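K.L.:
Sequence:
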Amino acid sequence: MNTITQTMTYEHNVCDNLFAQAELLVSQAKWEQAIANVESFIQAMEQHFSREENVLFPTFEARTGNSMGPTQIMRMEHTQMRQLFAEMQQSVVQHNSDDYLGQAETLLMLMRQHNAKEEQILYPMTDSAFGAERSTVLQHLKDHIHQA
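If you're matching positions, the sequence shown starts at 358 in the numbering used here and goes up one per residue.
Honestly, the hints are just simulated from the structure, not real lab data.
Incorrect hints may appear among the rest.
Stated by the list, open to error - Label pairs and their computed distance ranges (CB to CB):
id : residue 1 : residue 2 : range
1  : 426       : 390       : 37 to 43 Å
2  : 458       : 420       : 38 to 44 Å
3  : 433       : 397       : 21 to 27 Å
4  : 424       : 377       : 29 to 35 Å
5  : 440       : 373       : 18 to 24 Å
6  : 485       : 453       : 42 to 48 Å
Stated by the list, open to error - The list that follows gives simulated cross-link-like pairs (lysine to aspartate or glutamate, EDC-like), each with its CA atoms no further than 16 Å apart:
id : residue 1 : residue 2
7  : 474       : 434
8  : 499       : 403
9  : 387       : 455
10 : 474       : 368
11 : 499       : 410
12 : 474       : 484
13 : 499       : 368
Given the structure is predicted, the values throughout are model-derived calculations rather than measurements.
We treat Cβ as the ideally placed atom computed from N, Cα and C, and that holds for glycine.
Given the sequences, and given the hints that come with them, work out the whole structure.
P.N.:
And the structure:
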C-alpha cells in the first residue's frame, strides 16, 4: 500500500470486520467467543488509534503547524469511542446482549462518521502534506505496530 489513505483505510476495514463478527457472536449468545472477539476488536482499534495518535497526527501537526484542526477532532472522537469500548466490554462479560447491541449501534454510527472524515479528508490531507516524505511516514507507522 503506497499511501497513508490506503494503509489506514485498510486498518479501518480490518477493525470493521472484527466489530461485525463480535456483534454476530453476541447476538447468538456465544459468550466465550464473543468475549474473545470483542477483546480482539478493541485491541485492533487501540493499535490503530495508537498509530494515529503517536505517529501520524503528531507528524502531520509538525509538518503543517496545525494542531487545532482535524487531528484534535479525531482525538476527541477516539476518547468517545474508548468510553463505548469499556461499556461494551462490561456488557459482554455480563452476558447482557441488549446493552451490548445498543452500545454497538452507537459505536457503529460514531465509527462510520469518524472513518469517513479520516478517509475522505484527513488521510488525503496527510498524503498531500508529506509528499515525497510519505514513504518515511508509512515506515514509521509500520514500525510503530511492532512496538505496540
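K.L.:
Against this structure, judge whether each hint is valid.
P.N.:
Hints versus structure:
1. Range check, residue 426 to residue 390: about 41 Å between beta-carbon atoms, so the 37 to 43 Å window is met.
2. Remark: the range hint 38 to 44 Å for residue 458 to residue 420 is upheld by a beta-carbon distance near 41 Å.
3. For the hinted restraint 21 to 27 Å between residue 433 and residue 397, the CB-CB distance of approximately 25 Å keeps it satisfied.
4. A hinted range of 29 to 35 Å for the beta carbons of residue 424 and residue 377 is consistent with their spacing of about 34 Å.
5. For the hinted restraint 18 to 24 Å between residue 440 and residue 373, the CB-CB distance of approximately 19 Å keeps it satisfied.
6. Against the hinted window of 42 to 48 Å, the Cβ-Cβ separation of residue 485 and residue 453 comes to about 45 Å, which satisfies the hint.
7. Taking the CA atoms of residue 474 and residue 434, the gap is about 11 Å. The hint holds against a cut of 16 Å.
8. Between residue 499 and residue 403 the CA atoms are separated by roughly 15 Å; this keeps the pair inside 16 Å, and the hint holds.
9. With a C-alpha separation of about 14 Å, the suggested pair residue 387 and residue 455 falls inside the 16 Å cut-off, and the hint holds.
10. Restraint check for residue 474 and residue 368: satisfied, since their Cα atoms lie roughly 15 Å apart, inside the 16 Å limit.
11. The suggested pairing of residue 499 with residue 410 holds, with an alpha-carbon distance near 14 Å, which does not exceed 16 Å.
12. With a CA separation close to 14 Å, the supplied pair residue 474 and residue 484 stays within the 16 Å bound.
13. Our distance criterion of 16 Å between C-alpha atoms is met by residue 499 and residue 368, whose separation comes to about 12 Å.
Hint compliance for this structure: every hint is met.
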